[in-house]
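Please construct the entire structure, taking both the sequences and the accompanying hints into account.
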Amino acid sequence: LSRRRWQLLPGISLGLYRIRGHPRAADLPARATAPSGILSDRRSPQKWSLRRLWRGKVDIRMTVEEWRFFLTEFNQELLKYPADLHNCPAAVVASGWLGFPPASEEQISATEIRLGKRLPPSLRNFYAVSNGWRDVSSFIWDILPVEKVDWLPVHQPNLFTEQKFIDLDLAGATDEEERESILKNSLYVNRSLVITDWGDACCWLLDPERQNADGEWTAGRWASWNPGMDWITDSFAELMRSELKDEKESL
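Under my numbering, the final residue of the sequence shown carries the number 255; numbering is consecutive throughout.
These are computed hints drawn from the structure, not numbers from a lab.
Zero decoy hints are in this set.
Heads up, simulated SDA-like pairs for lysine to any residue below, C-alpha to C-alpha not over 20 Å straight-line:
{"id": "1", "residue 1": "121", "residue 2": "192"}
{"id": "2", "residue 1": "249", "residue 2": "81"}
{"id": "3", "residue 1": "188", "residue 2": "237"}
{"id": "4", "residue 1": "188", "residue 2": "164"}
{"id": "5", "residue 1": "121", "residue 2": "195"}
{"id": "6", "residue 1": "152", "residue 2": "204"}
{"id": "7", "residue 1": "252", "residue 2": "242"}
{"id": "8", "residue 1": "188", "residue 2": "233"}
{"id": "9", "residue 1": "121", "residue 2": "157"}
{"id": "10", "residue 1": "252", "residue 2": "77"}
{"id": "11", "residue 1": "249", "residue 2": "65"}
{"id": "12", "residue 1": "121", "residue 2": "109"}
{"id": "13", "residue 1": "152", "residue 2": "203"}
{"id": "14", "residue 1": "188", "residue 2": "163"}
{"id": "15", "residue 1": "84", "residue 2": "252"}
{"id": "16", "residue 1": "152", "residue 2": "117"}
{"id": "17", "residue 1": "249", "residue 2": "237"}
{"id": "18", "residue 1": "121", "residue 2": "148"}
{"id": "19", "residue 1": "252", "residue 2": "88"}
{"id": "20", "residue 1": "84", "residue 2": "248"}
{"id": "21", "residue 1": "152", "residue 2": "104"}
{"id": "22", "residue 1": "84", "residue 2": "97"}
{"id": "23", "residue 1": "152", "residue 2": "114"}
{"id": "24", "residue 1": "152", "residue 2": "162"}
{"id": "25", "residue 1": "252", "residue 2": "87"}
{"id": "26", "residue 1": "188", "residue 2": "230"}
{"id": "27", "residue 1": "188", "residue 2": "165"}
{"id": "28", "residue 1": "188", "residue 2": "228"}
{"id": "29", "residue 1": "188", "residue 2": "166"}
{"id": "30", "residue 1": "152", "residue 2": "125"}
{"id": "31", "residue 1": "121", "residue 2": "218"}
{"id": "32", "residue 1": "121", "residue 2": "213"}
Printed below as a string of C-alpha coordinates:
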(Lines of atoms letter the chains of each structure in order from A and count residues from 1; the text may use other names and numbers.)
(Lines give C-alpha, C1' and ligand atoms only; values in the text may rest on other atoms or scores of the structure.)
Protein backbone atom coordinates (compact mmCIF):
# COMPACT_ATOMS: atom_id res chain seq x y z
CA LEU A 1 0.00 0.00 0.00
CA SER A 2 1.03 3.58 -0.59
CA ARG A 3 2.49 5.34 2.41
CA ARG A 4 -0.36 7.85 2.13
CA ARG A 5 -2.95 5.07 2.48
CA TRP A 6 -1.74 3.32 5.60
CA GLN A 7 -4.71 4.12 7.79
CA LEU A 8 -8.50 4.16 7.65
CA LEU A 9 -9.78 7.00 9.77
CA PRO A 10 -12.49 6.34 12.32
CA GLY A 11 -15.87 7.39 11.01
CA ILE A 12 -17.85 4.27 10.13
CA SER A 13 -21.50 5.22 9.90
CA LEU A 14 -24.15 2.68 8.93
CA GLY A 15 -21.50 0.55 7.28
CA LEU A 16 -20.13 3.38 5.09
CA TYR A 17 -16.44 4.20 5.28
CA ARG A 18 -14.69 7.51 4.94
CA ILE A 19 -11.13 6.92 3.85
CA ARG A 20 -8.38 9.51 3.85
CA GLY A 21 -4.71 9.41 2.89
CA HIS A 22 -1.99 9.57 5.50
CA PRO A 23 1.50 10.27 4.21
CA ARG A 24 4.55 8.90 5.97
CA ALA A 25 7.87 9.60 4.27
CA ALA A 26 11.06 11.56 4.68
CA ASP A 27 10.66 15.25 3.87
CA LEU A 28 12.10 16.74 0.75
CA PRO A 29 13.40 20.32 0.88
CA ALA A 30 10.89 22.50 2.68
CA ARG A 31 9.89 24.61 -0.32
CA ALA A 32 9.13 23.70 -3.87
CA THR A 33 9.81 26.28 -6.54
CA ALA A 34 6.53 27.54 -7.92
CA PRO A 35 6.31 29.06 -11.40
CA SER A 36 6.19 32.78 -11.98
CA GLY A 37 3.00 34.35 -10.63
CA ILE A 38 2.55 31.81 -7.84
CA LEU A 39 3.57 32.70 -4.29
CA SER A 40 6.62 30.63 -3.36
CA ASP A 41 6.96 32.03 0.17
CA ARG A 42 4.81 30.91 3.08
CA ARG A 43 4.12 34.53 4.00
CA SER A 44 1.10 35.93 2.22
CA PRO A 45 0.56 39.66 1.68
CA GLN A 46 -2.88 39.04 3.17
CA LYS A 47 -1.32 37.32 6.22
CA TRP A 48 -3.10 34.06 5.66
CA SER A 49 -2.38 31.03 7.81
CA LEU A 50 -3.33 27.38 7.67
CA ARG A 51 -4.84 27.77 11.12
CA ARG A 52 -7.40 30.21 9.73
CA LEU A 53 -8.12 27.82 6.87
CA TRP A 54 -8.72 24.92 9.23
CA ARG A 55 -11.01 26.88 11.52
CA GLY A 56 -13.30 27.83 8.66
CA LYS A 57 -12.79 31.59 9.03
CA VAL A 58 -12.07 32.07 5.35
CA ASP A 59 -14.66 33.03 2.74
CA ILE A 60 -15.52 29.74 1.02
CA ARG A 61 -15.43 31.45 -2.37
CA MET A 62 -11.60 31.81 -2.26
CA THR A 63 -10.29 34.61 -4.47
CA VAL A 64 -7.63 34.26 -7.17
CA GLU A 65 -4.92 35.60 -4.85
CA GLU A 66 -6.02 33.26 -2.09
CA TRP A 67 -5.87 30.33 -4.50
CA ARG A 68 -2.28 31.25 -5.40
CA PHE A 69 -1.25 31.08 -1.78
CA PHE A 70 -3.24 27.94 -1.05
CA LEU A 71 -1.96 26.01 -4.07
CA THR A 72 1.61 26.86 -3.15
CA GLU A 73 1.07 25.32 0.28
CA PHE A 74 -0.73 22.32 -1.19
CA ASN A 75 1.97 21.81 -3.80
CA GLN A 76 4.70 21.80 -1.15
CA GLU A 77 2.91 19.17 0.91
CA LEU A 78 2.34 16.82 -2.01
CA LEU A 79 5.94 17.09 -3.24
CA LYS A 80 7.23 15.89 0.10
CA TYR A 81 6.05 12.41 -0.92
CA PRO A 82 6.85 12.06 -4.66
CA ALA A 83 6.62 8.25 -4.58
CA ASP A 84 2.92 8.56 -3.75
CA LEU A 85 2.02 10.83 -6.67
CA HIS A 86 -0.10 9.45 -9.50
CA ASN A 87 0.61 9.97 -13.19
CA CYS A 88 3.26 12.60 -12.50
CA PRO A 89 6.28 12.25 -14.82
CA ALA A 90 9.70 12.76 -13.27
CA ALA A 91 10.08 16.01 -15.19
CA VAL A 92 6.92 17.39 -13.57
CA VAL A 93 8.12 16.44 -10.08
CA ALA A 94 11.53 17.95 -10.81
CA SER A 95 9.89 21.19 -11.94
CA GLY A 96 8.46 21.62 -8.45
CA TRP A 97 4.94 22.41 -9.63
CA LEU A 98 1.95 20.07 -9.99
CA GLY A 99 -0.34 22.67 -11.52
CA PHE A 100 -0.78 24.05 -15.02
CA PRO A 101 -0.80 27.49 -16.63
CA PRO A 102 -3.99 29.43 -15.81
CA ALA A 103 -7.08 29.12 -17.97
CA SER A 104 -8.04 32.24 -19.88
CA GLU A 105 -11.35 34.00 -19.36
CA GLU A 106 -12.26 32.88 -22.87
CA GLN A 107 -11.66 29.22 -21.98
CA ILE A 108 -13.72 29.48 -18.80
CA SER A 109 -16.56 31.31 -20.55
CA ALA A 110 -16.61 28.78 -23.40
CA THR A 111 -17.09 25.97 -20.86
CA GLU A 112 -19.88 27.87 -19.12
CA ILE A 113 -21.66 28.34 -22.45
CA ARG A 114 -21.26 24.63 -23.23
CA LEU A 115 -22.63 23.62 -19.82
CA GLY A 116 -25.36 26.25 -19.75
CA LYS A 117 -24.27 27.24 -16.23
CA ARG A 118 -21.85 29.72 -14.71
CA LEU A 119 -19.23 27.83 -12.68
CA PRO A 120 -19.22 28.37 -8.91
CA PRO A 121 -16.87 31.18 -7.80
CA SER A 122 -14.24 29.04 -6.05
CA LEU A 123 -13.89 26.69 -9.05
CA ARG A 124 -13.83 29.58 -11.48
CA ASN A 125 -11.09 31.34 -9.52
CA PHE A 126 -9.12 28.10 -9.22
CA TYR A 127 -9.01 27.82 -13.02
CA ALA A 128 -7.82 31.41 -13.24
CA VAL A 129 -4.70 30.24 -11.34
CA SER A 130 -4.21 26.69 -12.68
CA ASN A 131 -6.13 24.98 -15.46
CA GLY A 132 -6.34 21.65 -13.66
CA TRP A 133 -4.14 19.80 -11.17
CA ARG A 134 -2.05 16.65 -11.46
CA ASP A 135 -2.55 15.00 -8.06
CA VAL A 136 -4.83 15.65 -5.10
CA SER A 137 -4.82 12.61 -2.81
CA SER A 138 -4.47 8.85 -2.66
CA PHE A 139 -7.92 8.51 -4.19
CA ILE A 140 -8.43 11.67 -6.28
CA TRP A 141 -5.65 11.72 -8.87
CA ASP A 142 -6.33 14.95 -10.73
CA ILE A 143 -8.61 17.94 -11.26
CA LEU A 144 -9.77 18.20 -14.85
CA PRO A 145 -8.89 21.22 -17.00
CA VAL A 146 -11.85 23.50 -17.49
CA GLU A 147 -12.37 22.29 -21.07
CA LYS A 148 -12.99 18.72 -19.85
CA VAL A 149 -15.44 19.16 -16.97
CA ASP A 150 -18.90 17.89 -17.88
CA TRP A 151 -22.21 16.63 -16.57
CA LEU A 152 -22.17 13.13 -15.10
CA PRO A 153 -24.26 11.43 -17.84
CA VAL A 154 -21.74 12.71 -20.41
CA HIS A 155 -18.43 12.36 -18.58
CA GLN A 156 -19.20 9.20 -16.58
CA PRO A 157 -21.98 7.38 -18.48
CA ASN A 158 -21.12 4.07 -16.78
CA LEU A 159 -21.52 5.65 -13.36
CA PHE A 160 -24.80 7.18 -14.49
CA THR A 161 -26.06 3.72 -15.49
CA GLU A 162 -24.70 2.08 -12.33
CA GLN A 163 -26.39 4.71 -10.19
CA LYS A 164 -29.70 3.81 -11.82
CA PHE A 165 -29.26 0.15 -10.90
CA ILE A 166 -28.38 1.10 -7.33
CA ASP A 167 -31.57 3.13 -7.19
CA LEU A 168 -33.65 0.17 -8.37
CA ASP A 169 -32.09 -2.12 -5.78
CA LEU A 170 -32.52 0.29 -2.89
CA ALA A 171 -35.94 1.58 -3.86
CA GLY A 172 -37.39 -1.50 -2.19
CA ALA A 173 -36.37 -0.24 1.24
CA THR A 174 -39.25 -0.79 3.66
CA ASP A 175 -38.70 2.50 5.48
CA GLU A 176 -40.39 5.28 3.51
CA GLU A 177 -38.08 7.98 4.85
CA GLU A 178 -35.01 5.95 3.83
CA ARG A 179 -36.45 5.34 0.38
CA GLU A 180 -37.16 9.03 -0.11
CA SER A 181 -33.61 9.90 0.94
CA ILE A 182 -32.15 7.36 -1.51
CA LEU A 183 -34.16 8.67 -4.42
CA LYS A 184 -33.38 12.29 -3.59
CA ASN A 185 -29.64 11.58 -3.41
CA SER A 186 -29.86 9.79 -6.75
CA LEU A 187 -31.27 12.96 -8.29
CA TYR A 188 -28.40 15.00 -6.85
CA VAL A 189 -25.77 12.60 -8.22
CA ASN A 190 -27.20 12.23 -11.71
CA ARG A 191 -27.43 15.99 -12.32
CA SER A 192 -23.93 16.73 -10.98
CA LEU A 193 -20.86 18.19 -12.64
CA VAL A 194 -17.81 15.89 -12.75
CA ILE A 195 -14.59 17.81 -12.03
CA THR A 196 -12.07 14.96 -11.71
CA ASP A 197 -11.22 11.85 -13.67
CA TRP A 198 -11.93 8.41 -12.25
CA GLY A 199 -9.14 8.04 -9.68
CA ASP A 200 -9.05 5.10 -7.27
CA ALA A 201 -12.65 4.10 -8.02
CA CYS A 202 -13.95 7.56 -7.09
CA CYS A 203 -14.47 11.09 -8.37
CA TRP A 204 -15.53 14.53 -7.15
CA LEU A 205 -18.97 15.91 -8.03
CA LEU A 206 -20.61 19.33 -7.66
CA ASP A 207 -24.40 19.74 -7.51
CA PRO A 208 -25.44 22.87 -9.45
CA GLU A 209 -28.95 23.00 -8.00
CA ARG A 210 -27.89 23.24 -4.36
CA GLN A 211 -26.18 26.60 -4.06
CA ASN A 212 -25.53 28.85 -1.08
CA ALA A 213 -25.88 32.63 -1.03
CA ASP A 214 -22.39 33.01 -2.53
CA GLY A 215 -23.23 30.85 -5.54
CA GLU A 216 -21.10 27.91 -4.36
CA TRP A 217 -22.29 24.39 -5.23
CA THR A 218 -22.56 21.53 -2.75
CA ALA A 219 -19.57 19.25 -3.29
CA GLY A 220 -18.63 15.67 -2.52
CA ARG A 221 -17.15 12.34 -3.55
CA TRP A 222 -18.72 9.35 -5.25
CA ALA A 223 -16.79 6.16 -4.49
CA SER A 224 -17.44 2.49 -5.24
CA TRP A 225 -15.84 1.59 -1.91
CA ASN A 226 -18.02 4.01 0.10
CA PRO A 227 -20.36 2.76 -1.43
CA GLY A 228 -22.12 5.64 -3.09
CA MET A 229 -22.15 9.39 -2.62
CA ASP A 230 -20.81 11.39 0.29
CA TRP A 231 -21.73 15.08 0.10
CA ILE A 232 -18.88 16.54 2.14
CA THR A 233 -18.82 20.33 1.86
CA ASP A 234 -20.53 23.47 0.60
CA SER A 235 -17.93 24.30 -2.04
CA PHE A 236 -15.06 23.09 -4.21
CA ALA A 237 -12.69 25.27 -2.17
CA GLU A 238 -13.71 23.42 1.00
CA LEU A 239 -12.96 20.06 -0.65
CA MET A 240 -9.43 21.25 -1.39
CA ARG A 241 -8.98 22.65 2.11
CA SER A 242 -10.01 19.33 3.61
CA GLU A 243 -7.32 17.57 1.56
CA LEU A 244 -4.63 20.01 2.72
CA LYS A 245 -5.81 19.66 6.30
CA ASP A 246 -5.48 15.89 6.07
CA GLU A 247 -1.96 16.19 4.66
CA LYS A 248 -0.85 18.52 7.46
CA GLU A 249 -2.51 16.62 10.29
CA SER A 250 -1.03 13.28 9.23
CA LEU A 251 2.56 14.45 9.83
